[in-house]
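Asks: Spelled out from the first residue to the last, the chains are:
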Amino acid sequence: MTRRLLTNARIIDPSQGMDETGAVLIIDGQIAAIGANAAATAPEGIDTEDLGGLIVVPGLVDTCVHIGEPGGEHRETIASASRAAARGGVTSLIMMPDTDPVIDDVSLVDFVQRAARDEAIVSVYPAAALTKGLRGEQMTEFGLLLDAGAVMLSNGRETVKDTLMMRRAMTYARDFGAVVACATQDSYLSSGGVMNEGLFASWLGLPGIPREAEIIALERDLRLAALTGARYHALKLSVPESAAAVRSSKAAGHAVTAGISINHLTLNETDIGEYRTFFRLSPPLRSEDDRRAMAAAVADGTIDVISSSHDPQDVDTKRLPFADAANGAIGLETLLAAALRLYHSGDVPLARLIEALSCRPAEIFGLPGGTLKVGAAADLAIIDPDYPWMLSKDDIVSRSKNSAFEDARFSGKVLQTLVAGASVYRADEGLPGR
Amino acid sequence: MVFPHRHLLGIKELSEPDILHLLDRADAAVQISRREDKKTATLRGRTQINLFFESSTRTQASFELAGKRLGADVMNMAVANSSVKKGETLIDTAMTLNAMRPDILIVRHGSAGAVALLAQKVECAVVNAGDGAHEHPTQALLDALTIRRNKGRLGRLIVAICGDVLHSRVARSNIILLNAMGARVRVVAPSTLLPAGIAQMGVEVFHRMEDGLRDADVVMMLRLQRERMEGAFVPSVREYFRHYGLDAAKLALARPDALVMHPGPMNRGVEIASDIADGPQSVIESQVEMGVAVRMAVMETLMAARDTDPVAEGTS
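These protein sequence lines map, in sequence, to chains H and Z.
Note that UniProt numbering has the first sequence beginning at 1, numbered continuously upward.
Note that UniProt numbering has the second sequence beginning at 1, numbered continuously upward.
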């Protein structure tokens with residue numbers, strides 16, 4: 001089993017309030033000692049790597065990843081997504097249920113777990129559909145799905161329209177302690193819309209989605225969380241009114257949490273420019289004021305989690321007129337680098353960023369990882385927070401190339417990713433062969 | 001002057017001198033169309049393809065006639081019921097047509113930005129004949145030509161654009177062009193038919209015709225699509241006509257010499273009363289004539305620009 005020692009590292013682990021220079025001792029794939037004095041406990045002759053002051057953080061835990069397997073393997077497979085994840089410092093990810101067929105049955109949870117075990121180089125956990133076929137009409141077998149290994153109940157990209165259905169699903173989920181994690185967009189109010197409603201959309205002649213479409217759906221779900229006592233997670237929010245609603249629901253003591261995609265923290269609607277479909281997202285990219293307000297909501301902890309909202313789309317769904325294209329952008333490979341923009345801009349402290357990318361999501365969904373405490377699996381990322389680089393399309397390892405960061409410049413890069421102590425990615429060597 | 005564009009995708013990319021150049025050329029083209037022998041050799045040997053993903057009788061006929069009067073070989077592709085319906089993408093269609101080596105493509109498409117997307121994939125000149133609710137540049141140019149020939153100028157005129165601005169590419173192109181030429185633009189419509197942020201689009205916003213038409217030099221009516229008349233955006237045709245239809249009483253509030261315009265096809269009794277459409281202030285038929293002239297001017301100018309500077313045309 002893996003035994004190695006990483007020395008001369010700046011260790012940032014918000015799960016134990018640690019930010020200190022020291023060493024990480026890994027024995028049998030687990031953290032055996034960590035911190036300023038850890039090197040002293042290392043056995044003689046252990047494989048040692050001097051990190052020269054690079055930062056070690058718990059591996060990122062991505063709560064919202066769309067994958068094309070089964071049904072859309074030309075867009076992404078579990079294996080290819082895991083390789084993209086490794087490049088981004090992501091060591092655990094939750095795979096959304098909106099595959100084809102939908103993950104609404106135990107056999108599909110089993111399928112994902114088997115593929116994850118055999119082919120993925122990071123940990124992949126399935127989310128199960130909240131309703132059969134994501135149609136919002138009929139509950140799935142929560143108990144059986146959770147027993148089989150599903151870690152989240154989600155309706156994927158779809159918001160359940162029927163409020164009574166949503167109430168019953170949340171009531172039933174409460175008894176299992178499962179987290180119901182949902183996209184929040186009122187399908188009537190957003191009908192036909194393809195980007196943020198406002199002046200910019202009006203000039204482009206594109207139908208808009210008002211912010212109220214998100215706020216109304218979120219406020220409904222938060223009321224239902226209060227009514228049912230269910231654990232509820234808003235998957236991807238985009239406007240400060242939503243953050244305010246989450247803040248007051250939390251203050252009232254309800255079991256609610258919230259996430260945001262990295263895109264909505266680093267991009268805004270003007271990035272769409274002349275109809276660039278890689279910036280067509282759901283929720284839509286909002287204004288710069290919204291982006292900044294949401295970064296502040298991440299900094300103060302109102303928004304718990306940052307996800308990649310990785311959504312691979314091929315040319316058949318993206319190389320189209322804007323209004324006809326699919327939503328979504330890939331994001332696993334750039335998750336950490338993009339997030340570091342918020343650190344460099346001074347909007348979010350580094351420790352809080354790592355917490356939102358790793359510790360909090362692991363905590364909310366009860367996953368191993370998200371910590372470098374002694375005894376935990378040695379899932380970690382080694383990063384240089386200032387490393388300058390540019391994302392070239394040719395370097396993307398996802399099967400789909402629809403990155404909103406193509407040709408973007410970054411400061412900060414993942415240099416190495418470890419899962420259970422073993423390197424699954426080294427920037428100087430690339431990915432292990434396949 | 002050397003026209004600095006290889007395509008005409010929107011009014012937004014045009015400067016005031018570009019617009020004046022096109023209007024001047026169009027004035028000359030009007031004379032050609034009024035001759036007995038209407039055929040010129042300006043585009044002889046050139047191939048023009050009209051690619052209409054949305055069906056249109058009038059605009060397509062106007063472009064076809066414009067091309068023929070310039071001597072081009074014109075082909076109409078009725079894409080609305082062809083391979084595109086069978087799943088071929090816009091890009092594939094563009095590449096297929098490109099391989100046939102046309103010189104100019106006239107494209108109408110139901111999605112905003114689609115014509116610009118297509119223009120990236122072909123080597124020939126592309127003219128936007130309407131893309132979704134985005135732009136319809138030749139319509140705005142023909143409107144401007146009609147106004148200029150009747151009023152002698154565009155600057156400082158009060159132009160009221162009335163009706164379904166929300167879904168109208170004609171309105172967007174006109175707002176941009178008229179602002180560029182120094183006109184004062186008003187929009188008059190119920191709020192359900194106005195886009196978000198309209199007040200920041202360089203217009204004065206009115207919700208009552210009685211206010212918006214006062215002292216107007218030009219009243220430009222927009223077509224209301226039938227599917228929007230019955231409850232989704234306005235409650236009924238009769239209510240719409242009562243409040244937003246142009247009739248004699250409302251027109252009386254505009255200047256006595258105000259022009260009445262409509263891009264066609266008209267819904268008589270919905271957005272405009274029949275007697276007004278056919279009345280002495282109406283220049284609606286003149287707009288149709290100016291349409292052919294403007295399209296001749298646009299195609300001739302784009303071809304001349306490419307002949308002067310062929311490098312920009314593409315690599316192969």
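Derived from the structure by calculation, the hints contain no laboratory data.
Among these hints, one or two may not hold up.
Unchecked claim - Under the rule of at most 30 angstroms between Cα atoms (straight-line distance), these lysine-lysine pairs were calculated in the DSS-like manner:
#1 H:K318 - H:K413
#2 Z:K68 - Z:K38
#3 H:K393 - H:K161
#4 H:K413 - H:K393
#5 H:K250 - H:K413
#6 H:K373 - H:K393
#7 H:K250 - H:K318
#8 H:K318 - Z:K121
#9 H:K318 - Z:K68
#10 H:K393 - Z:K151
#11 H:K401 - Z:K121
#12 Z:K121 - Z:K12
What the hints assert, rightly or not - Residues on chain Z that point at chain H, a partial pick, calculated with CB under 10 angstroms:
#13 K12
#14 A28
#15 V30
#16 I32
#17 H134
#18 R169
Backbone N, C-alpha and C fix where the C-beta goes; we use that ideal spot for every residue, glycine too.
Asks: Check the structure against each numbered hint from earlier and tell me which ones fail, lowest number first.
Replies: Those not satisfied are hints 3, 5, 6, 7, 9, 10, 14, 15 and 16.
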